Amino acid sequence: MRSFFSAIVALAALLLAAISIPAIWADRTVVNQAGFVAMAAPLGSDPQFQQALASATAKTVTGQLDAMPGLQKIIAPIINDATKNLATDPGFGTAWTETLRRSHELTVVDPASNANDQGALNLDVAPMLQLVINKVSAGLGQPLQAPQQLLISLGSSSQRMAIVRLAEFSPLGIWLAGGAVLAFALALVIARRRSTTLALIGLGVAIIAGAWKLLLEVVSKNVLDSAGGNPVADLFKQQYVSVVSANFDMWIIYALFAAALLILVGLLARVMARRGTV
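If you count by mature numbering (1 follows the signal peptide of the UniProt record, and there is no 0), then the sequence shown holds residues -25 to -1, 1 to 253, one letter each, in order.
None of these hints come from the bench; they were simulated from the model.
Computed from a predicted model, the values in this text were never measured in an experiment.
Do not rely on the hints blindly, as some may be mistaken.
[Unchecked claim] The calculated label-pair distances, taken between Cβ atoms and stated as ranges, are: (1) Asn197 with Gln117: 28 to 36 Å; (2) Ser30 with Gly185: 24 to 32 Å; (3) Trp150 with Ile228: 20 to 28 Å; (4) Met247 with Ala9: 43 to 51 Å; (5) Gly185 with Trp150: 53 to 61 Å; (6) Ala186 with Val218: 34 to 42 Å; (7) Asn222 with Asn197: 14 to 22 Å; (8) Ala160 with Val193: 47 to 55 Å; (9) Ala233 with Gln120: 54 to 62 Å; (10) Ser30 with Pro65: 51 to 59 Å; (11) Leu147 with Ile228: 31 to 39 Å; (12) Ala235 with Phe(-21): 24 to 32 Å; (13) Val156 with Lys34: 47 to 55 Å; (14) Gln117 with Lys196: 31 to 39 Å.
Think of the CB as a built atom: it goes at the ideal place given N, C-alpha and C, for glycine as much as any other residue.
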């Protein structure tokens, strides 16, 4: 009976670990605003993304100035110069950080402020537009009003709701992890052969790491397959998914190291126990 109860408790511990670790990771890197901004900030230095962002911004500014057709020949070079040098603007880094902060806030902190919402997952690039508007205003010698929001759709309403649900659940990760540790300890205490139990727990952790990798591939594919045709949105998703996947891959590697260590210690303890009985 001790072996049976130990196995049940060990399985419960593995289940808690399988859920808690991704929850903790998501809470730190997706739900937490500082973590999200730190993860996505390097995307702003990608030349291809900068070019797509500049092109989209130029198109928006041109649309804002369509009411002045007589000035198009004067305005066009100013817009072209402002957008072409967008990435070298001293305020680019701050504007990009503010873009990420606003976009995170629209999804996690204050979803109700999502203006042209329709339940979609959006990127608010208004801070980037403001940089261009400022240069165009200086070139024309008259103030221009930039919109409060400029939303680019990143994903569907179901993807956004998944992030909202994740934000509600992820803070529980640390408590689930604590439960997993206690369950692991209890499984070892009541086990008849602790060395065998330790090795089997290590095997379970390795299986969980493999499941995490498969789930990561499925989620990444789902996000990338929802391309909406907007080059800024598509490049952002590609780059962000790549960065996020690489980050979580490190957690998977740590789990595999832990699994290998548990298996090794368990097997060595088993061998030593057998030698002690000889």
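Hints, one by one, checked against the model:
no. : hint                             : result
1   : Asn197 with Gln117: 28 to 36 Å   : violated, 47 Å
2   : Ser30 with Gly185: 24 to 32 Å    : violated, 41 Å
3   : Trp150 with Ile228: 20 to 28 Å   : holds, 25 Å
4   : Met247 with Ala9: 43 to 51 Å     : holds, 47 Å
5   : Gly185 with Trp150: 53 to 61 Å   : violated, 25 Å
6   : Ala186 with Val218: 34 to 42 Å   : violated, 22 Å
7   : Asn222 with Asn197: 14 to 22 Å   : holds, 18 Å
8   : Ala160 with Val193: 47 to 55 Å   : violated, 33 Å
9   : Ala233 with Gln120: 54 to 62 Å   : holds, 56 Å
10  : Ser30 with Pro65: 51 to 59 Å     : violated, 21 Å
11  : Leu147 with Ile228: 31 to 39 Å   : violated, 25 Å
12  : Ala235 with Phe(-21): 24 to 32 Å : holds, 27 Å
13  : Val156 with Lys34: 47 to 55 Å    : holds, 53 Å
14  : Gln117 with Lys196: 31 to 39 Å   : violated, 49 Å
Hints 1, 2, 5, 6, 8, 10, 11, 14 from the earlier list are contradicted by this structure; the remaining hints agree with it.
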